[in-house]
Structure formats: structure tokens, C-alpha cells
Amino acid sequence: MLVALAMAPVARAGDDYPIMSWETGARSERFSDARNGLQSLIDCGFTRAGFVLPDQVPLCEKLGIKAITVLANAPIDWKTLSDNQIDQLVRRAAEATRSSKAVIGYFIVDEPGAESFPALAKAVAAVKKYAPGKLAYINLFPEYATLGAPNLSQLGANSYEEYLERFIAEVKPQLISYDNYQIQYSHDQQDANTAASYYRNLATVRRVALKHNLPFWNIVSCNQQLPQMVIPSPANFQLQAYTTLAAGADGITWYTYYACNYFYAPIDDNKNRTPTWSYLKTANDQIKVLGPIIRKLKSTGVYFTSPAPAANLPALPGELTKSAQCETPLMIGEFTGPSSAKYVMVVNLSLQQSAKVKLETTQKAAGYVSPTDGTLIPLDTDDSLWLTAGQGALIKLQ
Amino acid sequence: MRRRMLLTHAGLYGVLLFTSACKSARATATQERDYPIMSWEIAPRSDAFAGSRNGMNSLVECGYTRIGLVKPSQLPLCDKLHVEAIVCPEQELTKNQWATMSDQQIDDTIRTLVEQSKHSRSVVGYFITDEPHTREFAALAKAVAAVRKYAPGKIAYINLYPDYARVSSTGPSQLGAESYTAYLERFVNEIKPDLISYDNYRIEYANDLKTPKTAESYFTNLVIVRRVAQEHNLPFWNVTCANQIRPYTTIPSPANLQLEAYTTLATGAQCLAWYTYYQGRYFYMAVNDQGNRTPTWSYLKMVNDQVQVIGKVTQKLKSTGVYFTRPAPAEGLPTLPGELTEDVQSETQIMIGEFSGSASEKYVLLVNLSLAQSSKVLLKPTQSHHAIGYISPVDGSLLPLDKDGSLWLTAGQGALIKLE
Numbered sequence: 230m231l232v233a234l235a236m237a238p239v240a241r242a243g244d245d246y247p248i249m250s251w252e253t254g255a256r257s258e259r260f261s262d263a264r265n266g267l268q269s270l271i272d273c274g275f276t277r278a279g280f281v282l283p284d285q286v287p288l289c290e291k292l293g294i295k296a297i298t299v300l301a302n303a304p305i306d307w308k309t310l311s312d313n314q315i316d317q318l319v320r321r322a323a324e325a326t327r328s329s330k331a332v333i334g335y336f337i338v339d340e341p342g343a344e345s346f347p348a349l350a351k352a353v354a355a356v357k358k359y360a361p362g363k364l365a366y367i368n369l370f371p372e373y374a375t376l377g378a379p380n381l382s383q384l385g386a387n388s389y390e391e392y393l394e395r396f397i398a399e400v401k402p403q404l405i406s407y408d409n410y411q412i413q414y415s416h417d418q419q420d421a422n423t424a425a426s427y428y429r430n431l432a433t434v435r436r437v438a439l440k441h442n443l444p445f446w447n448i449v450s451c452n453q454q455l456p457q458m459v460i461p462s463p464a465n466f467q468l469q470a471y472t473t474l475a476a477g478a479d480g481i482t483w484y485t486y487y488a489c490n491y492f493y494a495p496i497d498d499n500k501n502r503t504p505t506w507s508y509l510k511t512a513n514d515q516i517k518v519l520g521p522i523i524r525k526l527k528s529t530g531v532y533f534t535s536p537a538p539a540a541n542l543p544a545l546p547g548e549l550t551k552s553a554q555c556e557t558p559l560m561i562g563e564f565t566g567p568s569s570a571k572y573v574m575v576v577n578l579s580l581q582q583s584a585k586v587k588l589e590t591t592q593k594a595a596g597y598v599s600p601t602d603g604t605l606i607p608l609d610t611d612d613s614l615w616l617t618a619g620q621g622a623l624i625k626l627q
Numbered sequence: 069m070r071r072r073m074l075l076t077h078a079g080l081y082g083v084l085l086f087t088s089a090c091k092s093a094r095a096t097a098t099q100e101r102d103y104p105i106m107s108w109e110i111a112p113r114s115d116a117f118a119g120s121r122n123g124m125n126s127l128v129e130c131g132y133t134r135i136g137l138v139k140p141s142q143l144p145l146c147d148k149l150h151v152e153a154i155v156c157p158e159q160e161l162t163k164n165q166w167a168t169m170s171d172q173q174i175d176d177t178i179r180t181l182v183e184q185s186k187h188s189r190s191v192v193g194y195f196i197t198d199e200p201h202t203r204e205f206a207a208l209a210k211a212v213a214a215v216r217k218y219a220p221g222k223i224a225y226i227n228l229y230p231d232y233a234r235v236s237s238t239g240p241s242q243l244g245a246e247s248y249t250a251y252l253e254r255f256v257n258e259i260k261p262d263l264i265s266y267d268n269y270r271i272e273y274a275n276d277l278k279t280p281k282t283a284e285s286y287f288t289n290l291v292i293v294r295r296v297a298q299e300h301n302l303p304f305w306n307v308t309c310a311n312q313i314r315p316y317t318t319i320p321s322p323a324n325l326q327l328e329a330y331t332t333l334a335t336g337a338q339c340l341a342w343y344t345y346y347q348g349r350y351f352y353m354a355v356n357d358q359g360n361r362t363p364t365w366s367y368l369k370m371v372n373d374q375v376q377v378i379g380k381v382t383q384k385l386k387s388t389g390v391y392f393t394r395p396a397p398a399e400g401l402p403t404l405p406g407e408l409t410e411d412v413q414s415e416t417q418i419m420i421g422e423f424s425g426s427a428s429e430k431y432v433l434l435v436n437l438s439l440a441q442s443s444k445v446l447l448k449p450t451q452s453h454h455a456i457g458y459i460s461p462v463d464g465s466l467l468p469l470d471k472d473g474s475l476w477l478t479a480g481q482g483a484l485i486k487l488e
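The listed protein sequences correspond, in order, to chains A and B. Residue numbering for the first sequence follows this note's numbering, starting at 230 and increasing by one per position. Residue numbering for the second sequence follows this note's numbering, starting at 69 and increasing by one per position.
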């Protein structure tokens, strides 16, 4: 717990909100492309490049974007390495890049089972030792990974919550990162049971992260992962972005920027920008405005209107929000800030329609923060506001 | 009449000109230029153009390529920002005012306006009036002639009523004609305009198409104006909605802004105008009365940026047909097959615009008419053609279709498919 408290600021460093790409292998190489390489990522509103190759660090420095770098020989099966091998591997990477202001951390592994946790603990400790202030980045499975014994399951744990708790207890991470693509897998929530996982996972990770005073990052989908799945849209981008913000996540990551084996990604295999690029830039530009405000606040509660999108999710009333009137389901994130400032972020969970929303809050709403320029915009004369499909609004209370 | 005016107050201008005297403008229009995306602001909203915060420069940033309607005193700002402008008098004329003027007064009014703006390189046309009754047409014809006389090559801009304005048979008439088509025909024949511009906000009034009967008007109006414009070899412009037009109507969204933009492009319209950019007495527009940017600004920029890319391609093409999948959104609209399109398979209704280019290139613009869902769309071209890809609305490159020749479209999205 004390370690977690000490390490959390590493992931929270910087004034901007982390909006990260999630590229590995051949996709990472594309950052070096003259056409739609790393500069295009910045144009698209990303604030973190993940994951860059060591030789791309100078480009990150030149373009002024923060990055998480991959280690040599990635992907690495850490549990097969000796303690010395782990130490040396991290030391070499740290020595090469730790002086770079662009490098904020190192990619350790993606979706480890619990059986890898002891080795990962050593890798994380080595990063703290050789590159203090940098992040040892590990991404966890979503809750729909298989449960059970280490040799028979993906998680290697009896429950998802146990998986998270063991990760924190054994690895002593600086943040919790996980991925969940069930908004698209549920065909834009038309399959409500599949979509329920998205919300349940977000609520579970938030709860565990808050319990251990750790920040958490949410990885969501910005491509068509399978040909039969729905494609990225302005609505499902907004929904994924705004629910992430409403839960108080400290960062959002989009999977993937480059196509390779996926479809309808922002940049296709011919290095061209697709319509997805345009939608993603619009969502990212909004996150860039609201994210830094939310980062300074404390997430005090997350609630849903009834019926909630998954069983056992907290329903209104909350601490600040007594009730909500709306044709569509809503998610409500509550926040407190410096000088007792209070905010409520309300998200229209419909991907099909705009809706008029009226909240009854403990204090009168002063307005909502414009996701375009950060100014305070008044609510309608009856204290309601309209939200487009998937849109969120950060309402400031008086 | 007054009430109707409040409902549909809007307008826009054109580039390709009707008479031989305006051939220079037509030549200019065929050069590599931006697709006209115009604001539709009159005083007091247009006063905000001069604002230091979210003034005219913010429109350019939001993807607009033409500013309407600009006062002569605001033209230096247009010149500085290299953006084209439609100019209106410093003291805007009241409704019906042209009809009360003598011939000399009409001539003097236009001459003065042209004189006041002669030093600006930004001027592409002059605003004459919005939503006129047919009784005003005689006077307006003189105003249009005066623009040709004093500013050859510039546009005389008049915006017409939508098809839901009242006709003679239903009480006091707004149109002053027995039908909407008759209104358009009389406009063309009596005024000899440079273009046909009209406004229609039925997508929002239909609560994002949830009231199909109300939404019908949007599509029928578009098709009627296109047909009349083509019959008279005139360009046409569509003024669509970028605000919450009434407190009870739905708000601008990525989906409905896309739908309005792409249906406009699919019919071969030569300009898209958005009503309104500034608040005035509306809601959820791009910039509010405090001079702040709302979420609508963000959506509008996204769509305008796409229109700039696709419009640059479609404006060089000839619109050869417009079709709909069955059931079409309104009775009497043309359904497939078209000349280039045998069939389109989709869970949602699709609008199809067909185009040909000067080098015999062929394009089809498909629009997903659902505002609620994305859809996988499979185009089956006629026998002699096959689809080779679609134009990226971001960088203009040719993107491949899916392996089965289909592509997905988000709610309201369009795709310009190139055929071989």
C-alpha cells in the first residue's frame, strides 16, 4: 500500500491527459513512416505514443510527444528469465533512454496470467531501480478472459477481482491498465449481455484502483477487430471516451492506430487516413480539453440510471446526484476538487440517439465545461441539456 | 408569412453562373478551389464576425470556406483571412423591401453595395434576399440584373423557401405559387438567377428522422431542387441546420451533420451552407452568445473537414442520377436500379448519387440514411462497372473496399466510391 502510494505519481506525471496509442511489433515500426507516422498520431490528438522502438525515441523528442518504449527482444516471456537476466535486460534499456524526457516508461508485458506475476514484480522493481520516475507498464486481461488454474486459464485466478488483487499485491505496479472491447463486440450494445462486460470491468477496475490508491488506464477499441463486428463511429468513440473519463480513469488508450490485421483503423495498410481518423481526432480533441480538468479531481462515485447496463452496478442516488430524467440510460461520474469544487459527468449510454437529460443534484449546476475550449457553457433554461449518442458532459456544480 | 420567416430564415450563394456574361465566374469555379461551405449569418449574428474571440477566424478553423453574410466593413478581415465572402448591405434590407423600391432605387442600392466592396478580393457575390414571395420576383429580377451590370462575374444571391412553406391553396401563401415546383420555375424564368439556393431543416424537425412523415420533405425538396436546377443548367445550394432550431427539436450531432452534408454532396449540390454558426435566438450552435465553442463546433469541424475533401472531387463531376433503396424515405423518389448502380444491400436505407467526370470516370456516392446505426453496405454496380475503392474524406486517397466488395458506413456517413 505504501509503495503504491509512492509510485502512483509516476503514472500521473504531466499536466496533459494521457491519450495513448497501443502499437506493437510491425505496427510500432510504422511510427517511423514519413507518411502518417508519429506526426500524424499527434495530429490525431494523441498525447502518448505506445509503444515506440528505442531508435524512435529521438523522433519522439523532436516532435515533443511522450512515449513508452519497448524493450529489446519484445515480447518477453519474463517467467522464463533468471533474476539476473531480468535485471540486466531492464538496466540496458534504462541506461539507453532514461535521460530522455520523451520516455515516460517501459512496456513490460501485455495480458499476463497470474503465474507471471513473480517475474513481473522483479521487472517492475528493476525499472524503479534503474529508471526512477519512469513507468513500468503492464496491461492486464479484460474480465472476459478465462478463469481457473494457471495451466488451464488465461487469468490463472479464480475470479477477475482476485486477478487484480494479486497483481497489485505481488507486482506492486504503478498503475492498473486493462483492455475491454465489448462495445464493438456487442455490436454497438445491441447485444446487451456482451456490452455488460464493458461496464462491469470499468467499475471493478476503478474500485480496486481506488482501494489501492492507484491510477488506472482503460484501453478501448478504435478499429474493427473482426469483419463481422461493427466499425468505429463518432458515437462509440464518444461513449468509450466519456465513460472512461466519468469513471475517473487517469488515461485512455486506443487499440489500434495502424491496421495491420485489423480493419477500419485510423491508418490503413497503404498509409492512408480513413474516416476513423477523423472521428478519433474529434473524440481525442475533446478528451484533451476535459481530461486535464478531471485529472485534478477526485473520483468520488459512479452511478447508473435504472436499469443499469449490468447487474450490481451502483444505481442513483449518488452523493451529488439525486436523480436523472432521460429517455436513454445514463452513467454518472461524481468528482470533487480543490476548494470543494464539485463536478458531475453524465454520459448518454445510447449509441442510437440524442437525448435530453435533466439531473437533480444537491447543488445547482453552474453549467458544463465545453469540450472544445474549456469554457463554462450554461445549461438550458430548464436546467437540462441535450447529449448526442455516446456524448458526455462535465457539469460544474455551484 | 412572418411566422414562416422565423421558421426558415436562411440563405446562400452560388458560383457557376447562368448567363454568358458570367462565364468568367464559371471558369473560376472549375479551377482547383475549395468546395463552398458557407455560414449563414445575418445581423445581429453577423456582427460576431468581427469579434476577437471566435470571430471570422474561428469559422475558417471550423472548416468553412465561404463567409455569409458579410458587411462591407468586414471585408478587410475576409481579405486578411483569404476567405471568400457574400456581401450584404451595411443596413440590411427588410423583408419585401425590394418590391417597394423604384427601378432607380434598386439600381442605386446595388451600385452602392458594389462600390463599397470594390477594393476587396474576397467578394464572390452579393446577398439580395431570403425566402421571397413570387410577388417580389419582378423587383428581384432587376436587382439581379444590376449585379450583372455593376459586378459582372459576381453572384446575385437569393435564398428560396423550403417545400414546406405554404402554397396558395392552404391559406395565406408564403410562396405565392400553386405548387413548390411552380415557385421554383417562376423563380428561374422571371429572375434568371445565377443559382437556386433553398433551406430545409426537416432532419431536425423530424427529431432525427424519427417522424418519417416530417423527414420526407428533406429528401423530396432536395430532389425537386436538383431536378429543376438541372433542367435549367443551374447550380444549386442547400442550406441545412447546424443548431437546435427549436427547443423541442433534436440537437446537431455527428450523425445528422454527416447525413445533411453527404446527402447534399450526393445530389451534386455546389455548396453546403449551415444555419447557424452563432447563437442569436437558437441553441446548441457552434458558438454561443458568450463567444464560447460548444460541442457542436467540434462536430461541425469534423464534418466540414470531410466535405472539403470530398466536395473538391464531386464539384468537378457531373451529377447524373440520384436514387434510393426501397422503401425510399418519401413516395415518388427515384429508386434503384440507376445508370451505374444495379443494387445496394444494406440493413439501412441508402441514398445513391451517381457521377461522371470529364475523362469518363464514374463515381457513386452512397449515404447511410440511418441516424441510429452503422451498416454494412454492398454496392452492386451495373454490368460494365466495378468498384475499385472509396475516397478517403480525410486525405483524398483511394481506400480499398472490404474483401467482399462491401464497406461499412456509420450513421449518416457517405462514401464516394470510384468505379472502373
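Hint data in this document are derived by calculation from the structure and do not stem from the laboratory. All values reported here derive from a predicted model rather than from experimental measurement. Every residue, glycine too, gets a C-beta built ideally from N, C-alpha and C. Hints are supplied without guarantee of correctness; some may be wrong.
[As the list claims (entries may be wrong)] Label pairs and their computed distance ranges (CB to CB):
1) A:Gln268 - B:Glu129: 42 to 52 angstroms
2) A:Ile271 - B:Lys384: 45 to 55 angstroms
3) B:Asp102 - A:Asp262: 51 to 61 angstroms
4) A:Pro287 - B:Ala111: 30 to 40 angstroms
5) A:Asp245 - B:Leu466: 31 to 41 angstroms
6) A:Arg395 - B:Gly464: 30 to 40 angstroms
7) B:Gly464 - A:Glu290: 26 to 36 angstroms
8) A:Gln592 - B:Met169: 29 to 39 angstroms
[What the hints assert, rightly or not] Straight line, CA to CA, 25 angstroms or less: simulated PhoX-like cross-link-like pairs of lysine-lysine:
9) A:Lys308 - A:Lys358
10) A:Lys500 - B:Lys380
11) B:Lys486 - A:Lys500
12) B:Lys186 - B:Lys260
13) A:Lys587 - A:Lys330
14) A:Lys585 - A:Lys525
15) B:Lys148 - B:Lys210
16) A:Lys593 - A:Lys551
17) B:Lys210 - B:Lys278
18) B:Lys217 - B:Lys380
19) A:Lys500 - A:Lys357
20) A:Lys587 - B:Lys186
21) A:Lys517 - A:Lys625
22) B:Lys186 - B:Lys148
23) B:Lys278 - B:Lys217
24) B:Lys384 - B:Lys444
25) A:Lys585 - B:Lys217
26) B:Lys281 - A:Lys585
27) B:Lys281 - A:Lys500
28) A:Lys500 - B:Lys278
[What the hints assert, rightly or not] Some chain A residues judged to face chain B by a derived CB distance under 8 angstroms, without partners named:
29) Asn442
30) Pro456
31) Val459
32) Pro463
33) Ala464
34) Cys489
35) Thr503
36) Pro504
37) Cys555
38) Glu556
39) Pro558
40) Gln582
Comparing the hints with the structure gives:
1. A:Gln268 - B:Glu129: 42 to 52 angstroms: violated, 20 angstroms
2. A:Ile271 - B:Lys384: 45 to 55 angstroms: With Cβ atoms ~32 angstroms apart, the hint is violated.
3. B:Asp102 - A:Asp262: 51 to 61 angstroms: With Cβ atoms ~28 angstroms apart, the hint is violated.
4. A:Pro287 - B:Ala111: 30 to 40 angstroms: violated, 54 angstroms
5. A:Asp245 - B:Leu466: 31 to 41 angstroms: holds, 35 angstroms
6. A:Arg395 - B:Gly464: 30 to 40 angstroms: violated, 51 angstroms
7. B:Gly464 - A:Glu290: 26 to 36 angstroms: holds, 31 angstroms
8. A:Gln592 - B:Met169: 29 to 39 angstroms: violated, 58 angstroms
9. A:Lys308 - A:Lys358: holds, 19 angstroms
10. A:Lys500 - B:Lys380: Holds, at roughly 21 angstroms.
11. B:Lys486 - A:Lys500: holds, 19 angstroms
12. B:Lys186 - B:Lys260: At roughly 24 angstroms apart (the allowed maximum being 25 angstroms), B:Lys260 and B:Lys186 satisfy the hint.
13. A:Lys587 - A:Lys330: violated, 45 angstroms
14. A:Lys585 - A:Lys525: violated, 28 angstroms
15. B:Lys148 - B:Lys210: violated, 33 angstroms
16. A:Lys593 - A:Lys551: Given that 25 angstroms is the threshold and the Cα spacing comes to 12 angstroms, the pair holds.
17. B:Lys210 - B:Lys278: violated, 43 angstroms
18. B:Lys217 - B:Lys380: Since the Cα atoms of B:Lys217 and B:Lys380 sit roughly 30 angstroms apart, the hinted pair is violated (cutoff 25 angstroms).
19. A:Lys500 - A:Lys357: violated, 37 angstroms
20. A:Lys587 - B:Lys186: The given pair, whose Cα atoms are some 52 angstroms apart, is violated under the 25 angstroms limit.
21. A:Lys517 - A:Lys625: holds, 18 angstroms
22. B:Lys186 - B:Lys148: holds, 15 angstroms
23. B:Lys278 - B:Lys217: violated, 48 angstroms
24. B:Lys384 - B:Lys444: violated, 28 angstroms
25. A:Lys585 - B:Lys217: violated, 52 angstroms
26. B:Lys281 - A:Lys585: holds, 22 angstroms
27. B:Lys281 - A:Lys500: violated, 44 angstroms
28. A:Lys500 - B:Lys278: violated, 39 angstroms
29. Asn442: Since chain B brings no Cβ nearer than about 33 angstroms to A:Asn442, farther than 8 angstroms, the hint is violated.
30. Pro456: holds, 7 angstroms
31. Val459: holds, 5 angstroms
32. Pro463: holds, 3 angstroms
33. Ala464: holds, 7 angstroms
34. Cys489: Since chain B brings no Cβ nearer than about 14 angstroms to A:Cys489, farther than 8 angstroms, the hint is violated.
35. Thr503: holds, 6 angstroms
36. Pro504: holds, 6 angstroms
37. Cys555: violated, 14 angstroms
38. Glu556: violated, 11 angstroms
39. Pro558: violated, 15 angstroms
40. Gln582: holds, 6 angstroms
Violated hints, in rising order: 1, 2, 3, 4, 6, 8, 13, 14, 15, 17, 18, 19, 20, 23, 24, 25, 27, 28, 29, 34, 37, 38, 39; the structure is consistent with all others.
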